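**Student:** For the record, the sequence lines run as chains A and B.
Sequential numbering from 1 applies to the first sequence in my numbering.
Sequential numbering from 175 applies to the second sequence in my numbering.
Treat the hints with care, since some could be wrong.
Residues of chain B clear of chain A, computed beta-carbon distances all greater than 12 Å [what the hints assert, rightly or not]: (1) V366; (2) V370; (3) G657; (4) L757.
Below 27 Å or equal to it, Euclidean Cα-Cα: the simulated DSSO-like pairs (lysine-lysine) are [said to hold, decoys possible]: (5) K730(B) / K707(B); (6) K171(A) / K431(B); (7) K84(A) / K316(B); (8) K318(B) / K84(A); (9) K435(B) / K512(B); (10) K116(A) / K340(B); (11) K159(A) / K431(B); (12) K431(B) / K163(A); (13) K317(B) / K84(A); (14) K630(B) / K606(B).
Since the hints were made in silico from the structure, they are not lab data.
Every value quoted in this text rests on a predicted model; they were computed, and no experiment measured them.
Positions of the beta carbon are idealized from the N, C-alpha and C atoms, including for glycine.
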Amino acid sequence: MAVLGKRVRKKMTITKMIMVDNQINDGGKEPFGEPDFNPSPQPFPGLPLPTLSTVAWLDLSDPERLQQNFGAFSNLPEYLAAVKRQQTDLNPEASELHRLLDTSSVQCLGLTNNLKAVMASLGILPGPVIPAEPPGMEDAFIMKFTGYLICHLYRDWVKRCQKDMALLAAKYPA
Amino acid sequence: MFSKRRWLVQVVYTLLFTTFGDSLVQMCGHIYPESPVILPIGSSFTAFCVLYDTCPYYDKVHANQIFWKTKNVIVPKEQYHIINQTVSSITFNDTSTLISPLTCNILVEGNIEQNIYGIQIQLGYPPEKPENVSCIVIQLEKKKIVKRCTWEPGRNTYLKTNYTLKSAWSNTNFPDCIPEDVNNSCTSFDDVTFFVRLYVWVEAKNYLGEVNSSHIAFFPEDYVKPLPPRNLFLNSREFPTVLRLSWENQFNEPPLKLKYKIRYRSADSTNWAEVPPEDTESERTSFTIQDLHPFTKYIFQISCAVSGMSRYWSDWSKEVIGFTAEDKPSKGPAVWRKITTHSSESWTLELNWKMNPSEVNGIILMYEVTVSRRPPFSLPIEVTHLNTTETKLILNVKNGMYEAKVTAYNKAGKSPTTVLLIPATNSKAPVKNIIAFPKDDKLWVNWTAPKDPVIKYIIEWYEECDSLNCSTDWQQEPGTKQGTFLKGDIKPFKCYKITVYPLYANGQGEERSTQTYLQQDVPANGPTVRTKKVGKSEVLLEWKPLSFEEQNGFIKFYTISYKTVTGNETVVRVNSSESEYPLSALSKDTLYIVQMAAYTEKGGKSGPAFTFTTKKFANGEIEAIVVPVCLAVLLSILLGVLFCFSKRDFIKKHIWPNVPDPSKSVIAQWSPQTPSKHFNSKEHIYPEGSFTDVSVVEIDADDKKSFSETDLKPFDMLKKEKNASEGHSSGIGGSSCMSSPRQSVSDSDEGEPAQNTSSTVQYSTVVPNGYRDQIPAVQVFPRSESTQPLLDSEERPEDQQVLGSDSSTPRRHYFKQNGNWNDVAAEGSNLEKLTQISPINEEDAAGLQASQTWHSGPETDEQGAALAGVFRPSPEGPTVQLEAMGANTGTDDEVSKSYLPQTVRQGGYMPQ
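Build the full structure now, drawing on both the sequences and the hints.
**Tutor:** What follows is the structure in structure tokens.
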């Protein structure tokens, strides 16, 4: 369990890192930079909304919690890769954004890897994951908006994961 | 001719074939397997040479004609195997000896080797499993973090072997990393993702095999070696003991945090001090270092690492230099004195002070010095008070107890005041067991503290030197110490004298000293030995002790080696305290070579050789021989002289016989015709001298000593005889005899008649012809008539010696005879008193004495009138020797008075 605790803490720090990266992604051109631009989040296939009521979240078991995270982060690399493809087309000069999208994709992969390790150490077999259906090349605005939604989901899932991991870490002290 | 030409064609053809065979020329066979053949070293290998059925270049050959070669060496037939008429195989059980290329050959006509085919063979090993795979995440630039893994590839495979570094997460494989130019490391420039366990392994692959290393798993954040912080800056902020170090981090990979190591040293030190790591565990960009030394130049460096489990630290950053501000001196100067006593009353007091550099805390602006007298206050209390930048003060003061106070000032303030009590005498207890020795290339002094509490110690030292001006250095140590290093320029091979003074609250203790070397060496020179005293078989050597400059260490002992030119060397070990040494049992009169060496603990050094020669004789030996010899010679001479003295008459008779003076011959009286007047006064003498028969000899008591017994005996006998013979002997005969009494005795023994006769004959012979061989007497005879002395020089010593006192008397008588005879009595008749002797006396005396003696006749015996007239006929001729005479006045007078009548009587005697 000590090993688990250590790993959970590490996961917490990785989620923080992802958030930092995400903040940059949040900035953008109009209308995305407008203060009143606040579209409601939308789920994607294999990438559900992370938000839950507190009671519902507390009712989740550890395996369920881990499985939800595992599913979301397993699909996020594909969605982020799709966003990067779109951004490469839309903003070929934004290399820092491209690099961050690449890094975030790799880090989601790393987080999935770690979630799997935690589940394995808790004796939980990862369940089947709903396959992702990443967006293709579309209208520029659609692509921008899709990218926004995906990055938003990414940020929300990182926050959710952080909370879940903190809960687990409390349950399994180092 | 034909066959030779054909052979040449064959050679050219073969050369062409071998050179261009592949491309231009049709092949006659081949080897299976084809090149390149790669074989594991040590494995077995079989190759087959297949001959083609048709070959355009030579007639059909059989497979058993094939021979195999490895490079240039023919492989033994035992390894061949003929499979059929066109195939020959060869088998190598151990390929480690197989040398490429392997060729299949035949011999063609003319016994020429013909190569059919060849293959290249490569030998090697399959790769070994790479071991010890390890990875490090290195920050190369601010945004460039790479992963570098290293491993041990194992033994050389001798073949091209590819190493590939593989890495993966449990759900993802990453691109391979392929090393360039090396086989033991690879650097991946892809981004490193932290917090995910990474699996890494190495795949090694060559023609002979493929192997993977063990997989290692690690979290990259634990293996990060970041770049060190840069742009360091130090700020003193005017605090004397505080510096603030600030920097810029180069590693910025949130959420990874950094921790730091900060080290610093003063500019004059090489030892780094490190800030406690727990103070710098959190990420930051500045740090304040406290407890630094004021007014000191400091050098700082910083290093960082990723917080947590990181096992690598960055390199040290570039150095940054800063200064702490000045502070007031933390301690007062160390003060010491040197006292030179001029008389019982006055001193020259030299005060010295110095600041310990670690306590100065700035630049000394001045020293405030006060010297005051301690009770009794018969004189003004304060001797001097001054501010100076010097570090010494020389005062001429009266003998007494003083107190010196010194305070140092710098920009920040003044130091505590140091007080040195200078008592008249150092009468307190000294330290004990002072000992000094080298330690860590410095000199360490140890001592045992006295019982009383000591405030501080002064350690004074100087390099021993032969000149008077050996500069002294000193240092102060706190009273709690019982040992210290000497803080100064201590040179090796120099002797240091170290003195420790304990300083008490109320005075100073006696000093105690020791000597030591930081490092010893062999002496620079050896002692110069020389001889102090050389004897026959021993010699005393001396030498001058080596000077301090030459010693280079404590002289432990000397060795003296000496030898003769050909002999064995003898070595003697001598205590170092000696300065001379006796060598004994040496050979006399021998050349010796002696050399001396001085030894320290490091070894010895010989001085110059010295040669000396032992003496032939020992001291006093010559004297011991010479002195007795001289003494013996002297003694023998003395004895000889004594003997001569005792035998002088005998010697004289033999060497200087008395020669009768013919002029005194009384022959005139012999012939009655010769008037006595012709002879005048001399006539008186001649008759006297001519009478030969000495009837009376009186020996004076005083002269007895000059006669030996043997002399006296004949005398007595003579006397008796003469007395007896007087009656019948003729006077002339007696006179002519002129012989010694002994001879007379012998004569008389032999026959008296002969004597008388001979006397008579002799005389008659003498007068005309000279007496025997005394011709000169005859020649000078006419001269003697003039009464001048004869043989003056000859006879004088005899006169002096023998006649002594009375010889002159006859002369006087003689002359008086001619003049006033009465004066004789008045003159003093003692013959012995007459010392003046004239040459003429002899002759006169002879006559006179004879006449006296004769005249006195038998009756003079009783009177004691002595006349030692001994007439001895010597071989050379008659000698008259008057050995001694004694005559009393009475006799003398009588003789003198009756002188003339004597002559007459003589004449009157003739009838006898």
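**Student:** Check the hint pairing K84(A) with K316(B) against an upper bound of 27 Å on the C-alpha distance.
**Tutor:** holds (25 Å)
**Student:** For the pair we were handed, K171(A) and K431(B), check the Cα-Cα distance against 27 Å.
**Tutor:** The given pair, whose Cα atoms are some 26 Å apart, holds under the 27 Å limit.
**Student:** Are all C-beta atoms of chain A more than 12 Å from that of V370(B)?
**Tutor:** violated (3 Å)
**Student:** If we take the beta carbon of L757(B), is the closest beta carbon in chain A still more than 12 Å away?
**Tutor:** Consistent with the label, L757(B) stays out of reach of chain A, its closest Cβ about 91 Å off (over 12 Å).
**Student:** Minimum Cβ separation between G657(B) and chain A greater than 12 Å?
**Tutor:** Check passes; 53 Å lies beyond 12 Å.
**Student:** Mind checking the alpha carbons of K116(A) and K340(B) for me, to see if they're no more than 27 Å apart?
**Tutor:** Holds. K116(A) to K340(B) sits at ~21 Å (cutoff 27 Å).
**Student:** Find the nearest Cβ of chain A to the Cβ of V366(B) and say whether that gap is larger than 12 Å.
**Tutor:** Given that some Cβ of chain A is not farther than 12 Å from that of V366(B), nearest at about 10 Å, it is violated.
**Student:** Would the pair K730(B) and K707(B) pass a check requiring their Cα atoms to be no farther apart than 27 Å?
**Tutor:** holds (26 Å)
**Student:** Take a quick look at whether K630(B) and K606(B) sit within 27 Å of each other, Cα to Cα.
**Tutor:** Holds, at about 15 Å.
**Student:** Taking 27 Å as the top limit, are the C-alpha atoms of K431(B) and K163(A) close enough?
**Tutor:** Measuring from Cα to Cα gives roughly 22 Å; hence the hint holds.
**Student:** Does K512(B) lie within 27 Å of K435(B) when you go C-alpha to C-alpha?
**Tutor:** Outside the cut-off at roughly 50 Å; violated.
**Student:** For the pair supplied as a hint, K317(B) and K84(A), is the alpha-carbon distance within the 27 Å limit?
**Tutor:** Within the cut-off at roughly 21 Å; holds.
Of the numbered hints given earlier, the model fails hints 1, 2 and 9; all others are met.
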